[in-house]
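A.B. asks: Protein chains in written order, with my numbering: chain A, 1 to 592; chain B, 1 to 390.
A couple of the hints might just be wrong.
Some residues of chain B that are not near chain A, with every Cβ distance over 12 Å (derived) [claimed, not checked]:
hint: 1; residue: 50
hint: 2; residue: 52
hint: 3; residue: 77
hint: 4; residue: 80
hint: 5; residue: 82
hint: 6; residue: 89
hint: 7; residue: 107
hint: 8; residue: 157
Label pairs and their computed distance ranges (CB to CB) [what the hints assert, rightly or not]:
hint: 9; chain 1: A; residue 1: 543; chain 2: B; residue 2: 11; range: 43 to 49 Å
hint: 10; chain 1: B; residue 1: 11; chain 2: A; residue 2: 293; range: 35 to 41 Å
hint: 11; chain 1: A; residue 1: 122; chain 2: B; residue 2: 134; range: 40 to 46 Å
hint: 12; chain 1: B; residue 1: 121; chain 2: A; residue 2: 325; range: 44 to 50 Å
Note that these hints are calculated values from the structure, not bench results. These numbers come from a predicted model, not from an experiment. Just so you know, even glycine gets a beta-carbon here, dropped at the ideal spot from N, CA and C.
Listed here are the chains, written in short residue letters.
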Amino acid sequence: MTTAAEPRDPAPPPVVLPARPVGRPRLEGRSIAIFVTVAILVYLVLGPVLMLVMSSFKETDGTLPFQDGVPWTIENYIRILTRPQTYSVLFNTFIYAIGALAVSFSLSMTFAWLIERTDMPLRNLLFVVIIAAIGIPNVIVGISYAILLNPANGLVNLAARGITGASGPGPLNVYTLPGMIFVQGIALVPITFLLVAAAFRAMDAAMEDAASTSGAKFRTVMRRITLPLLTPAILSALVYQFVSVIESFDIPLVLGLRGGVTVLSTQIFIESRPAGGLPNFGLAAAYSMLLLALALGPLFVYNRVIGRSERYATISGHSYQPRRIRLGRWKYPAVALSLSFILFSLVLPGLVMLWTSLQPFYAVPSAESIQRISFDAYFEVLGSRRLRDAALNTLILGFATSFGAMLVGLAVSWVLVRTRSRFRFALDVLAFTPHAMPGVIIGLSILLIYLILPIPVYGTIWIIVIALATQYISISTRLMTSGISQVKNELEEAAAVSGAAWWATIRRIVMPLVMPAFLNGLLLVFLLAIKNLTLPLILYEPKSVVLSTLVWTLWDRADTAGTAAVGTIMVLVTLALGIFLRRMNREGPQLT
Amino acid sequence: MIRVTDLIKIYPNGKVREVDGVSFTVNEGEFYTLLGPSGCGKTTSLRCIAGLERPDGGTIELDDVAVVSDKVFVPTHRRDIGMVFQSYAVWPHMTVYDNVAFPLRVGRPIKRDVFRDRIDKVLSLVGLEQYASRMATQLSGGQQQRLSLARALVREPKVLLLDEPLSNLDAKLRERMRGELSVIQRRLGVTTLFVTHDQIEALSMSDRIAVMDGGRIVQEGDPQEIYHRPANEFVASFIGSTNLFMGELDVTPASAPGHSRIKMEFGVLEVGANPDLEAGAPVIVAIRPEDVVIRRAGVELPPPDHANVYEGGVGIGLFTGTSVEYYLDVGKSLIQARAGSRVQLKRGDPVRVEIPPEACRTFRLEGEPKARLASRRLATLARLDDDNGG
Numbered sequence: 001m002t003t004a005a006e007p008r009d010p011a012p013p014p015v016v017l018p019a020r021p022v023g024r025p026r027l028e029g030r031s032i033a034i035f036v037t038v039a040i041l042v043y044l045v046l047g048p049v050l051m052l053v054m055s056s057f058k059e060t061d062g063t064l065p066f067q068d069g070v071p072w073t074i075e076n077y078i079r080i081l082t083r084p085q086t087y088s089v090l091f092n093t094f095i096y097a098i099g100a101l102a103v104s105f106s107l108s109m110t111f112a113w114l115i116e117r118t119d120m121p122l123r124n125l126l127f128v129v130i131i132a133a134i135g136i137p138n139v140i141v142g143i144s145y146a147i148l149l150n151p152a153n154g155l156v157n158l159a160a161r162g163i164t165g166a167s168g169p170g171p172l173n174v175y176t177l178p179g180m181i182f183v184q185g186i187a188l189v190p191i192t193f194l195l196v197a198a199a200f201r202a203m204d205a206a207m208e209d210a211a212s213t214s215g216a217k218f219r220t221v222m223r224r225i226t227l228p229l230l231t232p233a234i235l236s237a238l239v240y241q242f243v244s245v246i247e248s249f250d251i252p253l254v255l256g257l258r259g260g261v262t263v264l265s266t267q268i269f270i271e272s273r274p275a276g277g278l279p280n281f282g283l284a285a286a287y288s289m290l291l292l293a294l295a296l297g298p299l300f301v302y303n304r305v306i307g308r309s310e311r312y313a314t315i316s317g318h319s320y321q322p323r324r325i326r327l328g329r330w331k332y333p334a335v336a337l338s339l340s341f342i343l344f345s346l347v348l349p350g351l352v353m354l355w356t357s358l359q360p361f362y363a364v365p366s367a368e369s370i371q372r373i374s375f376d377a378y379f380e381v382l383g384s385r386r387l388r389d390a391a392l393n394t395l396i397l398g399f400a401t402s403f404g405a406m407l408v409g410l411a412v413s414w415v416l417v418r419t420r421s422r423f424r425f426a427l428d429v430l431a432f433t434p435h436a437m438p439g440v441i442i443g444l445s446i447l448l449i450y451l452i453l454p455i456p457v458y459g460t461i462w463i464i465v466i467a468l469a470t471q472y473i474s475i476s477t478r479l480m481t482s483g484i485s486q487v488k489n490e491l492e493e494a495a496a497v498s499g500a501a502w503w504a505t506i507r508r509i510v511m512p513l514v515m516p517a518f519l520n521g522l523l524l525v526f527l528l529a530i531k532n533l534t535l536p537l538i539l540y541e542p543k544s545v546v547l548s549t550l551v552w553t554l555w556d557r558a559d560t561a562g563t564a565a566v567g568t569i570m571v572l573v574t575l576a577l578g579i580f581l582r583r584m585n586r587e588g589p590q591l592t
Numbered sequence: 001m002i003r004v005t006d007l008i009k010i011y012p013n014g015k016v017r018e019v020d021g022v023s024f025t026v027n028e029g030e031f032y033t034l035l036g037p038s039g040c041g042k043t044t045s046l047r048c049i050a051g052l053e054r055p056d057g058g059t060i061e062l063d064d065v066a067v068v069s070d071k072v073f074v075p076t077h078r079r080d081i082g083m084v085f086q087s088y089a090v091w092p093h094m095t096v097y098d099n100v101a102f103p104l105r106v107g108r109p110i111k112r113d114v115f116r117d118r119i120d121k122v123l124s125l126v127g128l129e130q131y132a133s134r135m136a137t138q139l140s141g142g143q144q145q146r147l148s149l150a151r152a153l154v155r156e157p158k159v160l161l162l163d164e165p166l167s168n169l170d171a172k173l174r175e176r177m178r179g180e181l182s183v184i185q186r187r188l189g190v191t192t193l194f195v196t197h198d199q200i201e202a203l204s205m206s207d208r209i210a211v212m213d214g215g216r217i218v219q220e221g222d223p224q225e226i227y228h229r230p231a232n233e234f235v236a237s238f239i240g241s242t243n244l245f246m247g248e249l250d251v252t253p254a255s256a257p258g259h260s261r262i263k264m265e266f267g268v269l270e271v272g273a274n275p276d277l278e279a280g281a282p283v284i285v286a287i288r289p290e291d292v293v294i295r296r297a298g299v300e301l302p303p304p305d306h307a308n309v310y311e312g313g314v315g316i317g318l319f320t321g322t323s324v325e326y327y328l329d330v331g332k333s334l335i336q337a338r339a340g341s342r343v344q345l346k347r348g349d350p351v352r353v354e355i356p357p358e359a360c361r362t363f364r365l366e367g368e369p370k371a372r373l374a375s376r377r378l379a380t381l382a383r384l385d386d387d388n389g390g
């Protein structure tokens, strides 16, 4: 026996030895790991939440919330609640969210159905195009639509005026709420599609077949069987994306500010980083609490949906492909819809970005402007120190964030899936919280924390890494939870009965088996981190400029060619990474 | 040797006792089986012995050393055990060789040639020597099962734990593995605890069996004892197929000494006397189908003055290959009887049914007997069918 240190009496008849301790209960590697995981998560998530709540009760006109002598107050709440502006901002935010969700879900569900369940031609092309766009930064999406759809010389507007003979400006104006809704809706499609398509794919076709053999018509099957079975997945995707919209910042910044349309996320940004005057952190924190409340409402629905969806046992991984529905004549409109989506979401914005990058000063395509095509902007940005710094910073940011978030996510999900630790519930809530915390809020609270804490990350790239890792913990935990759940518990138990201690089991069994899921998550978080503008913009200093903030500052300074050159490079890189992500895992990352 | 004393495991909700005071001893080299329906606590008991669950009470000793007691809990990896899981749990990212080598690699360092030798020996024991370099996932179900066994044996553990290892195999393979597993266990003489819900596995492989129900051991004994002398209605109905009938102990003396008479729905039944029952007591009678003798009415003469002879008719016959299961209408009851494979009776054929008194087991009726409902339902169905078919 491995406990052979105990003397045993070999003589028959066996004398039963009294049970005695084999050793003190040792502090096992396992318990230490659980404790460290909880501690890290509490530090990363609870810190910002507390900071935010406390700051919102501080009177901070031009001061930091925790300087000596700053008094406690509820003045901030009174101010935001009595300003009429608050209500128009809330109204805008709400319309913006509903509109963008309507656009992205109607497109995504249609495409998911066409791609997963019908024989539509070109479905694979459509699939690749939708997924590849997942890494394109929203700030670049916003900018390219600004070039296409601005009322003065937007290319689409010029074409429309040319056809109708009307005179400018217009007829379309992207700097309006409907314009923002359209662009945001398109930008949300890749993730929405992933969430919805996974549900379509995982559905057990036998359920539908059972209805058909019971004599139900196609439409009845859709209405009574297919849609109800998909409802939990679609609802949870809706709530997930609702938070994504109300925290979305890039598109309201690029399109909304110029048109005077402010939503909550841009309002917070304005208060915490005003163009002139001193930031009012207390007021920004109070606005953040308002946004947090808005995000938390659907969260309750979300959790109830998740609980309920477990009852739908049929939605589970199935390896076989359900029967495809033959579209017949309907394939023509389906293909037309798909092609126009590809044209408007990728080809036109991409081409206009490329065109702009080749023009020294922005000009409409014409015989004359074609003469002026030059690669100067590329030479200039590629030769500049700022771009090289930004690119290097972006790489550090991407790698550090994705490794940090994924390692924490791995540890948290292991505790969630494998242990009966009493910290489990708290851990689950904590890991989900960053998802309900809009990026602006995380950015602001982390800014406040490291203004106070004597940890020298303020003004460096690392404060952005901490903020981004915090934000993506909810995604990495979700990805790894499904990854670890797929590794049967018995595989770990088999290692234990083979004599492997906890760490040996983790290292030799768990790690190799979850590696594919881990790498997949790593790439996804990497993409999300480098495309993020919100957190870098709140937290950056000249030293820590990254590509997304560089694009924004170039655009803000009206350097269209430079913006477009950097934008084109980023689009190409992220497109390649997006396609690679797809290759790596055809089943697609499961975010929920 | 495994000694389990008063083992208690409370379900996480804090109410139900999954394992409720289980005690047993598995002797050196013995093949001991925990048999019972799902949820009876057999797997939980096994997992407590493996250290995969932490019991709420009781002690567990492996070779006279306590691994679980009030003061002690030895973690799984420091217990000298080998275990085969229901799903085999072979590691998909390793080769066959690496799977088997794993327990040696994480254990105490041993000499290189001993290491090799052990793996070769155990792989040839299970007949996988030519597959050593394959990935574990390239093996068939039966091979994975043997790999799992090899991995459990490679450390030469004091105790082998088998958690329903055959239940994922198809019928044919399961039959073969029963034999192989028994041979290997006997050759190595390793103390083995086997958990199953399959009575055939339990009866054919075990030295001793403990039948479990509701977290307790309800009967312990060797296979013949368990089969032929079930301690109660549950054991009688769980192991093998059994006719269960309700009746009432009659006061009239029986025809033979040492017998008593029981009033049944289909007539009076003579059985071996049961001292636990007094006259008028409600009784459950268990009769194995293979003990019921069918004779063609009128063709085959009944032996003179035999007890327990009844007239009836054939309800349905289910041909299984090795035998025919007949459900016979006798009075208001449906009696299941097993006849030889070549017996051919049609529905409605009149038969004479004989039940040897010594083949009947009697128990006092307590509460609602479980199996009665099932046989009633079948009887109703068979009659319904009769009405339709004319």
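A.B. asks: Please confirm whether residue 107 of chain B is truly not at the interface, meaning its C-beta sits more than 12 Å away from all C-beta atoms of chain A.
C.D. replies: 5 Å, violated
A.B. asks: Quick one: work out the minimum CB distance from residue 50 of chain B to chain A and report holds if it exceeds 12 Å, violated otherwise.
C.D. replies: 6 Å, violated
A.B. asks: Is the Cβ of residue 52 of chain B more than 12 Å away from each Cβ in chain A?
C.D. replies: Not fine: 5 Å to the nearest Cβ puts residue 52 of chain B too close to chain A.
A.B. asks: Classify the label on residue 77 of chain B as holds or violated, using whether its beta-carbon is more than 12 Å from each beta-carbon of chain A.
C.D. replies: Per Cβ check, residue 77 of chain B is inside 12 Å of chain A; nearest 5 Å; violated.
A.B. asks: Should the label of residue 157 of chain B as a non-interface residue stand, given a Cβ cut-off of 12 Å to chain A?
C.D. replies: 9 Å, violated
A.B. asks: Report holds if the minimum CB distance from residue 89 of chain B to chain A is greater than 12 Å, and violated otherwise.
C.D. replies: 4 Å, violated
A.B. asks: Kindly confirm whether 44 to 50 Å is satisfied by the beta carbon distance between residue 121 of chain B and residue 325 of chain A.
C.D. replies: For residue 325 of chain A against residue 121 of chain B, whose Cβ atoms are near 58 Å apart, the range 44 to 50 Å is violated.
A.B. asks: Compute the least Cβ-Cβ separation between residue 80 of chain B and chain A, then decide whether it is above 12 Å.
C.D. replies: 4 Å, violated
A.B. asks: Has the hinted range 35 to 41 Å been met by the Cβ atoms of residue 11 of chain B and residue 293 of chain A?
C.D. replies: 40 Å, holds
A.B. asks: Would you check whether the claim that residue 82 of chain B is not at the interface survives, using Cβ distances to chain A and the 12 Å cut-off?
C.D. replies: Contrary to the label, residue 82 of chain B does not stay out of reach of chain A, its closest Cβ about 7 Å off (not over 12 Å).
A.B. asks: Can the suggested window of 40 to 46 Å be confirmed for the beta-carbon pair residue 122 of chain A and residue 134 of chain B?
C.D. replies: 41 Å, holds
A.B. asks: Just to be sure I understand the hint, the distance between the Cβ atoms of residue 543 of chain A and residue 11 of chain B should be within 43 to 49 Å; is that true here?
C.D. replies: Roughly 58 Å apart at Cβ, these two residues miss the hinted range, so it is violated.
When held up to the earlier numbered hints, the structure conflicts with 1, 2, 3, 4, 5, 6, 7, 8, 9 and 12 and fits the remainder.
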